[in-house]
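**Student:** Next come the chains, spelled out residue by residue.
There are 2 protein chains.
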Amino acid sequence: MSRWEPNASDRLQEAALQLYLERGFDQTTVAEIAERAGLTERTYFRYFADKREALFGGQTMLTELLTGAIADAPAGAPPLDVVGVALTALGPVFDGRRDHALRRQSVVDANPALQERELIKLATLSEEMAEALRARGIDDAAARLAAETGMAVFKVAFVRWVHDSTDAGLAEIVTSTMNDLKALTA
Amino acid sequence: MSRWEPNASDRLQEAALQLYLERGFDQTTVAEIAERAGLTERTYFRYFADKREALFGGQTMLTELLTGAIADAPAGAPPLDVVGVALTALGPVFDGRRDHALRRQSVVDANPALQERELIKLATLSEEMAEALRARGIDDAAARLAAETGMAVFKVAFVRWVHDSTDAGLAEIVTSTMNDLKALTA
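Those protein sequence lines, which keep their order, are chains C and R.
Mapping of the first sequence onto the numbering used here: position 185 corresponds to residue 185, and the numbering continues sequentially without gaps.
One rule links them: number in the numbering used here = place in the second sequence (from 1) + 1000.
Treat the hints loosely; a few may be bogus.
[As the list claims (entries may be wrong)] Computed footprint of chain R on chain C, listed as stretches where at least three residues anywhere in the stretch have a Cβ under 8 Å from a Cβ of chain R: (1) 139 to 148; (2) 152 to 158; (3) 175 to 185.
[Unchecked claim] Only pairs whose alpha carbons sit at most 30 Å apart, straight line, appear in this in silico BS3-like list of lysine-lysine: (4) 51(C) <-> 1051(R); (5) 51(C) <-> 121(C); (6) 1121(R) <-> 1182(R); (7) 1121(R) <-> 1051(R); (8) 182(C) <-> 121(C); (9) 1121(R) <-> 182(C); (10) 1182(R) <-> 182(C); (11) 1121(R) <-> 51(C); (12) 121(C) <-> 1121(R); (13) 121(C) <-> 1051(R); (14) 1182(R) <-> 121(C).
Quick caveat, the hints were computed from the structure, so don't treat them as lab data.
Virtual Cβ for every residue (Gly too), placed ideally from N, Cα, C.
Work out the full structure: start from the sequences and follow the hints.
**Tutor:** Quick look at the structure:
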């Protein structure tokens, strides 16, 4: 029998990030992550399928924010604008956590296996946005194109936000990058 | 001492694809791929770093086509147009090989580890396009945005091409999808 552990998921994610920064991803074991968090390996695997997943918590919440915002957009709004507004809904998740994002990004950037996992997580979000657009009656090709393009904008905006010197919020930078795209395609 | 084997890389790639389709990716070993190709496991690892890589031959050629086309674009051409023209340069690599692309895609789509590898290959191409744009004097933010957006267009165009009922060429579909993007952002 296992007892309930408060904030187990958050503790494991923070412990994993600390160890990946200190020792490198490849040199860290799940047992060490669990120990650092004051939990068991078994508890780790209750929350995360493998060693990489501890850096990718919150995927369900991101999906719900994006698809919820797409569903709630005004009827008839152009699909790329709908995606742009949905992506700005992610701002509050990240704002105030820029130091965490920077530390996490340095770990991901150092390890191709983590980069691959990050890319498939983003691709999954893109597919879920496309599905939410189709549910609004947008045809498949336009839905996929708007979702993929939106994700391209978000990737560029996220890097800008992490390294931004003005402390602008992520939503603001997403909007500004979307405007840059409109200028590029004009 | 190993003797030179004609078309070893092509034979290994085709053998791998056949076995992944027949048995599944996880159920196939490198030894079996080498045997099917009439080669040794050691020869396999001379060409490919792991079991996944046999589905991702040609990355160097794709990089050279893209970055070469970007370098050769007329001075002052808008960055997203430069990327669009570069992506159409990939058409001749794929046209005439749609059946192969369909078989390969069905293997990749069935396996998350292959999807991850595919995504990082595409992300690498995007980074290399951004670098080629910066070499033309495009600023970093515009270069990254044009490259990521171009890759988004290419992903959507590639799926359209694989499933297209009109036998349109890939370059034509890339151009048409880029025009769809311009309409979406208008």
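**Student:** Each hint: holds or not?
**Tutor:** Evaluation of the provided hints:
Coverage of the stretch 139 to 148 of chain C by chain R holds. Counting CB-CB distances below 8 Å, 6 residues qualify, and the rule asks for three or more. By the rule of at least three residues with a Cβ nearer than 8 Å to a Cβ of chain R, the coverage given for the stretch 152 to 158 of chain C holds, with 4 such residues. Figure legend: the stretch 175 to 185 of chain C, annotated as covered by chain R; annotation consistent (6 residues with Cβ-Cβ distances under 8 Å, at least 3 required). With a C-alpha separation of about 21 Å, the suggested pairing of residue 51(C) with residue 1051(R) holds against the 30 Å cut-off.
For the suggested pair residue 51(C) and residue 121(C), the alpha carbons sit about 15 Å apart, so the restraint of at most 30 Å is met. With a C-alpha separation of about 26 Å, the suggested pairing of residue 1121(R) with residue 1182(R) holds against the 30 Å cut-off. For the suggested pair residue 1121(R) and residue 1051(R), the alpha carbons sit about 15 Å apart, so the restraint of at most 30 Å is met. Under the criterion of a C-alpha separation no larger than 30 Å, the hint pairing residue 182(C) with residue 121(C) is consistent with the structure, at around 26 Å.
At most 30 Å may separate the alpha-carbon atoms for a hinted pair to count; residue 1121(R) and residue 182(C) meet this at roughly 27 Å. Distance check on the hinted pair: residue 1182(R) and residue 182(C) sit about 8 Å apart at the alpha-carbon level, within 30 Å; holds. For the hint linking residue 1121(R) to residue 51(C), the alpha-carbon distance of about 22 Å falls within 30 Å, and the restraint holds. Taken as a hint, the residue 121(C) and residue 1121(R) pair is honoured in the structure, with Cα atoms around 15 Å apart against an allowance of 30 Å.
Proximity of residue 121(C) to residue 1051(R) is assessed by CA-CA distance (about 22 Å); at most 30 Å being required, the pair is judged to hold. Restraint check: the Cα-Cα separation between residue 1182(R) and residue 121(C) comes to about 27 Å, which is no more than 30 Å; the hinted pair holds.
Of the numbered hints given earlier, the model fails none.
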